[in-house]
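Here the protein sequences line up with chains A and B, keeping their order.
All you need for the numbering used here is the position in the first sequence, starting with 1, plus 131.
All you need for the numbering used here is the position in the second sequence, starting with 1, plus 2.
There's no promise every hint is true.
[Claimed, not checked] Computed far set for chain B versus chain A, every beta-carbon distance over 10 Å:
1) K23
2) G54
3) M83
4) A103
5) A153
6) P169
7) G205
8) M249
9) T278
10) R299
11) E315
12) G337
13) G362
14) M379
[Said to hold, decoys possible] Listed below are the simulated DSS-like cross-link pairs for lysine-lysine, each with C-alpha atoms no more than 25 Å apart in a straight line:
15) A/K693 <-> B/K207
16) B/K298 <-> A/K684
17) A/K349 <-> A/K377
18) B/K23 <-> B/K230
19) B/K199 <-> A/K699
20) A/K589 <-> A/K725
21) B/K324 <-> A/K701
22) A/K704 <-> B/K199
23) A/K377 <-> B/K207
24) A/K693 <-> A/K704
25) A/K648 <-> A/K705
26) A/K349 <-> B/K199
27) A/K377 <-> A/K315
28) A/K423 <-> A/K529
29) B/K132 <-> A/K693
30) A/K693 <-> B/K324
31) A/K315 <-> A/K349
32) A/K158 <-> A/K447
33) A/K544 <-> A/K591
34) A/K459 <-> A/K423
35) A/K701 <-> A/K657
36) A/K648 <-> A/K623
37) A/K684 <-> B/K324
38) A/K623 <-> A/K704
39) A/K657 <-> B/K230
These are computed hints drawn from the structure, not numbers from a lab.
Values in this document were obtained by computation on a predicted structure and should not be read as measured data.
Note that beta-carbon positions come from the ideal geometry of N, C-alpha and C, so glycine has one too.
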Amino acid sequence: MQNIRNFSIIAHIDHGKSTLADRLIMKTGVCDQRTYKDQMLDSMDIERERGITIKSQAISLPYTASDGETYTLNLIDTPGHVDFSYEVSRSLASCEGVLLLIDATQGVQAQTLANLYLAMEHDLEIIPVINKIDLPAADVERVLEQIDSELGLDPATHLACSAKEGTGVDEILEAIVRRIPPPKGEAKKPLAALIFDAYYDAYRGTVINCRVFDGEVKAGDTIRFMSNGSIYRVEEVGRFLLDRQKRDTLSAGEVGYIIAGIKTVSSVSIGDTITLDDRPCAQPLPGFKKVKPVVFASIYPIASDDYEDLSDALEKYKLNDAAFIYEKDSSAALGQGFRCGFLGLLHLDIVQERLEREYGLNIILSVPSVRYRFTLKDGTELHVDNPAHYPNPMNIIKSEEPYIRASMMLPDKYLGAVMTLCIDRRGVNSNMRYPSPGRVELTYEMPLSEVIFDFYDKFKSVTQGYGSFDYDLIDYRTSNLVLLDILVNGEKVDALSQIVHRDRARARGVQACERLKDEIPRQMYKIAIQGAIGGEIISRSTISAFRKDVTAKCYGGDITRKRKLLEKQKEGKKRMKMVGSVSIPQSAFLAVLKSDKDS
Amino acid sequence: MNTGRAYIPGLYIHFPFCRSKCGYCDFYSVTETSLVPSFLEALSTEAALYRGEFTTFDTVYLGGGTPSLMRPEQVDALLVMLRGTFTILDNAEITMELNPADLTREDLRALYQAGVNRVNIGVQSFHDQKLQLMGRRHDRRQALSAIEEAAAAGFDNIGLDLIYNLPHQSLEDWRASLEQAIALHPAHLSCYELELKPDTPLGRKFGRGECAGRSEDLAREFFMETSKTLEEAGYIHYEVSNFAAGMGRASRHNRKYWDHTPYLGLGPAAHSFEGTRRWWNRSSLKGYLTDLSNRKRPVEGQEDLRSEELAMEALFLGLRTKEGIDLDRYVRLYGRDLMRENRHQIEEWSRLGLVEISGGHIRPTRSGMAVADALAMI
Numbered sequence: 132m133q134n135i136r137n138f139s140i141i142a143h144i145d146h147g148k149s150t151l152a153d154r155l156i157m158k159t160g161v162c163d164q165r166t167y168k169d170q171m172l173d174s175m176d177i178e179r180e181r182g183i184t185i186k187s188q189a190i191s192l193p194y195t196a197s198d199g200e201t202y203t204l205n206l207i208d209t210p211g212h213v214d215f216s217y218e219v220s221r222s223l224a225s226c227e228g229v230l231l232l233i234d235a236t237q238g239v240q241a242q243t244l245a246n247l248y249l250a251m252e253h254d255l256e257i258i259p260v261i262n263k264i265d266l267p268a269a270d271v272e273r274v275l276e277q278i279d280s281e282l283g284l285d286p287a288t289h290l291a292c293s294a295k296e297g298t299g300v301d302e303i304l305e306a307i308v309r310r311i312p313p314p315k316g317e318a319k320k321p322l323a324a325l326i327f328d329a330y331y332d333a334y335r336g337t338v339i340n341c342r343v344f345d346g347e348v349k350a351g352d353t354i355r356f357m358s359n360g361s362i363y364r365v366e367e368v369g370r371f372l373l374d375r376q377k378r379d380t381l382s383a384g385e386v387g388y389i390i391a392g393i394k395t396v397s398s399v400s401i402g403d404t405i406t407l408d409d410r411p412c413a414q415p416l417p418g419f420k421k422v423k424p425v426v427f428a429s430i431y432p433i434a435s436d437d438y439e440d441l442s443d444a445l446e447k448y449k450l451n452d453a454a455f456i457y458e459k460d461s462s463a464a465l466g467q468g469f470r471c472g473f474l475g476l477l478h479l480d481i482v483q484e485r486l487e488r489e490y491g492l493n494i495i496l497s498v499p500s501v502r503y504r505f506t507l508k509d510g511t512e513l514h515v516d517n518p519a520h521y522p523n524p525m526n527i528i529k530s531e532e533p534y535i536r537a538s539m540m541l542p543d544k545y546l547g548a549v550m551t552l553c554i555d556r557r558g559v560n561s562n563m564r565y566p567s568p569g570r571v572e573l574t575y576e577m578p579l580s581e582v583i584f585d586f587y588d589k590f591k592s593v594t595q596g597y598g599s600f601d602y603d604l605i606d607y608r609t610s611n612l613v614l615l616d617i618l619v620n621g622e623k624v625d626a627l628s629q630i631v632h633r634d635r636a637r638a639r640g641v642q643a644c645e646r647l648k649d650e651i652p653r654q655m656y657k658i659a660i661q662g663a664i665g666g667e668i669i670s671r672s673t674i675s676a677f678r679k680d681v682t683a684k685c686y687g688g689d690i691t692r693k694r695k696l697l698e699k700q701k702e703g704k705k706r707m708k709m710v711g712s713v714s715i716p717q718s719a720f721l722a723v724l725k726s727d728k729d730s
Numbered sequence: 003m004n005t006g007r008a009y010i011p012g013l014y015i016h017f018p019f020c021r022s023k024c025g026y027c028d029f030y031s032v033t034e035t036s037l038v039p040s041f042l043e044a045l046s047t048e049a050a051l052y053r054g055e056f057t058t059f060d061t062v063y064l065g066g067g068t069p070s071l072m073r074p075e076q077v078d079a080l081l082v083m084l085r086g087t088f089t090i091l092d093n094a095e096i097t098m099e100l101n102p103a104d105l106t107r108e109d110l111r112a113l114y115q116a117g118v119n120r121v122n123i124g125v126q127s128f129h130d131q132k133l134q135l136m137g138r139r140h141d142r143r144q145a146l147s148a149i150e151e152a153a154a155a156g157f158d159n160i161g162l163d164l165i166y167n168l169p170h171q172s173l174e175d176w177r178a179s180l181e182q183a184i185a186l187h188p189a190h191l192s193c194y195e196l197e198l199k200p201d202t203p204l205g206r207k208f209g210r211g212e213c214a215g216r217s218e219d220l221a222r223e224f225f226m227e228t229s230k231t232l233e234e235a236g237y238i239h240y241e242v243s244n245f246a247a248g249m250g251r252a253s254r255h256n257r258k259y260w261d262h263t264p265y266l267g268l269g270p271a272a273h274s275f276e277g278t279r280r281w282w283n284r285s286s287l288k289g290y291l292t293d294l295s296n297r298k299r300p301v302e303g304q305e306d307l308r309s310e311e312l313a314m315e316a317l318f319l320g321l322r323t324k325e326g327i328d329l330d331r332y333v334r335l336y337g338r339d340l341m342r343e344n345r346h347q348i349e350e351w352s353r354l355g356l357v358e359i360s361g362g363h364i365r366p367t368r369s370g371m372a373v374a375d376a377l378a379m380i
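Just need the whole structure built from these sequences, with the hints factored in.
Structure below.
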């Protein structure tokens with residue numbers, strides 16, 4: 132155990148975390164240049180395409196240090212987007228130390244701080260690493276000052292590297308061995324292992340990623356999940372190199388996987404403690420927070436025949452994404468589906484894409500919503516995250532919506548633009564601080580509903596990418612809410628309804644009608660789109676019927692090209708949902724929330 | 003409507019030369035007319051390579067390119083060669099595309115003598131300004147004269163090509179052009195909407211067509227107006243862009259493309275179809291000539307059509323024609339019962355006045371034809 136180091140790399144988005152992880156993997160010889168794929172740990176296509184890490188992953192790196200000893204360095208990769216801070220926290224609980232990576236050109240950003248605080252909560256050894264020192268715009272001096280003044284860390288403890296070029300990586304490996312403490316724990320004690328990730332393997336069932344704190348586990352053992360008491364027989368344990376490497380045991384201090392023939396995925400919940408059935412530990416491991424989704428939307432199959440497949444896919448998907456929750460739901464307009472909870476809009480986007488790519492499903496999402504709170508005349512308190520369940524307005528005595536505290540860090544020249552944006556989103560109680568010359572730390576309290584959708588994009592655009600943003604939920608506040616319904620050809624489409632602030636209702640209604648007009652393609656007949664509050668029409672737009680949809684010339688015998696074109700269009704049409712007699716594309720449901728066309 | 007068709011194959015010849023490129027055209031052509039003799043020689047080699055595979059044709063279509071750049075003697079020799087290689091039925095429809103600037107009355111008479119019995123004149127517009135804009139090398143006077151001369155030379159099956167929804171063209175401008183065309187009593191009219199294809203000079207100039215006084219929204223108005231005006235004048239709107247003074251005057255050759263009758267296409271970039279296979283020649287005159295000098299078919303690509311692909315084609319092609327889709331033939335050839343699979347949808351179209359269901363056919367109405375591609379999405 133003295134020769135094990137469990138660590139994570141934490142950083143603000145785009146500060147080079149995945150690149151550094153790749154370097155460490157290459158340096159320790161787990162794979163050579165030939166088998167090296169860019170950013171090994173981001174193994175999902177979608178992560179690669181978007182350049183962001185979504186899922187945590189673990190890998191065991193064998194390393195012979197300058198002291199001549201051989202160490203096992205367990206690297207637990209963490210996601211870097213603001214929506215995924217819970218996943219970071221759960222990985223950190225499995226570590227003894229972190230590399231806090233800071234971009235030499237950008238310096239300390241909002242997520243650098245947020246991640247640092249998380250690491251401190253877990254009492255981890257923190258090694259500041261300044262990355263991208265090869266870039267002309269690198270300003271190491273400035274970053275050192277920030278490490279001192281903004282992070283409160285000793286700048287003398289820093290390392291510098293260029294993950295891209297591979298410089299400084301040896302020093303990082305040595306520092307991991309010398310500065311991060313070995314895990315504590317006793318192999319003789321009853322088993323206590325923390326589940327920090329899991330995924331579904333079509334052949335082996337659920338594969339659990341865990342950190343063993345005490346005791347040991349081996350094939351043949353009967354394990355018990357402490358949260359629900361369910362029991363499984365272990366088939367295989369091992370650790371991750373580039374793929375699963377089977378081992379005899381996993382014992383205290385180690386990170387690895389357990390396969391136990393778990394086919395029903397609902398019994399595994401991330402954050403749970405695994406122990407042995409015949410010799411359980413006294414209490415579950417601490418340190419994990421329960422995640423709470425903040426954005427809700429319903430998922431429906433485009434073809435109602437696919438409902439069962441969707442149901443299966445969600446069950447499997449859930450296992451690999453602890454933060455995702457779902458339950459059955461049905462819509463008058465869209466049929467049988469599921470109500471799902473997400474960490475944010477990016478998370479929602481990713482879930483949608485993964486379900487489509489990994490499970491081959493064509494799905495449609497309703498307009499996302501936050502969770503509102505209503506107090507009714509009879510005293511009951513109602514939580515509503517689905518506009519379809521909006522209570523009868525006559526019975527409501529109090530409406531509340533969730534507020535967040537947004538923390539933003541930006542160069543001061545963007546201050547005016549950002550404040551305008553925040554005020555526009557009903558931001559209040561602003562606070563401002565200048566941690567270093569030219570940089571502002573700005574906080575605002577805002578309704579969550581105003582920020583989850585496109586605030587982050589807007590913010591990035593007004594700060595030209597130089598601003599960073601993070602938020603915490605603070606409380607529920609009284610708010611004058613109404614239900615905005617959307618009617619398509621006179622028919623209410625419940626999946627397009629939104630709960631909105633009364634002062635914003637008219638503008639939202641107009642906006643929704645305009646956006647839908649752009650998103651819903653012309654069809655055989657004129658389509659009327661209306662926004663309504665309690666039966667009163669507040670906005671309206673019209674989609675004219677097809678003008679002409681037929682090519683002029685269709686001969687010279689080149690029918691093939693024409694057919695291919697139509698086949699492509701037909702494929703696109705499959706991704707639309709028939710609501711009454713109108714085909715509505717997937718994109719329309721999210722577009723309703725976008726504030727204008729260029730966003 | 004007559005549905006008892008013979009389904010005898012058609013022969014298409016792509017003459018790939020033009021004196022200059024028109025602004026809207028993306029068909030394959032070159033301007034090196036010095037290569038015409040080599041091309042005609044290669045063409046006879048190519049025809050010989052298909053002897054046996056295709057034997058009998060009841061239509062020949064000389065398209066391009068600008069086939070009227072051929073001297074009448076060359077056309078005569080070409081037809082003699084084709085008759086020597088294949089059986090061209092006595093009553094065959096032999097069409098040639100003409101540029102109004104190219105031929106004298108004597109030339110036209112010689113073509114008639116050679117056996118051409120249908121001409122399609124590329125009038126495009128009766129306005130000099132519009133003709134210039136399209137990059138045509140003829141003017142209004144030449145167009146009117148070509149029609150008159152063709153009639154005088156003996157042709158009674160004369161077709162005119164016109165293009166609408168031109169930049170800065172109003173619906174009134176277009177109606178006047180149609181009236182002008184009707185007054186000339188052609189047997190056939192092809193009226194195409196200007197499509198701004200990206201690889202054409204006009205496409206590059208006008209981009210997405212929303213500029214330059216050309217509105218995409220007007221496209222439907224133009225289409226409906228064309229159909230209404232010409233039908234009122236006694237023409238049958240038998241295909242999206244084609245109108246005939248009686249079905250006997252419809253282009254027998256072009257109809258083959260729309261009902262999966264086999265056709266052989268000779269010349270660069272020409273397409274051929276035989277039952278379930280379609281293939282196409284190289285879009286390069288040079289490559290075409292090289293292949294044939296080696297007695298090799300100048301084929302660039304081919305596809306074997308799966309039955310669902312054939313079914314898709316039959317659907318979108320059928321919905322382009324007034325005759326519509328023969329439901330029994332559809333089941334027989336493609337194994338799909340359209341009515342049974344899509345009853346709800348088709349009845350909805352019928353309610354909306356987009357199609358008529360009668361006599362075992364689904365036929366598009368005028369407004370149905372305007373959206374035929376969208377209908378084919380079922």
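Broken hints, by number: 11, 14, 16, 18, 23, 26, 29, 32
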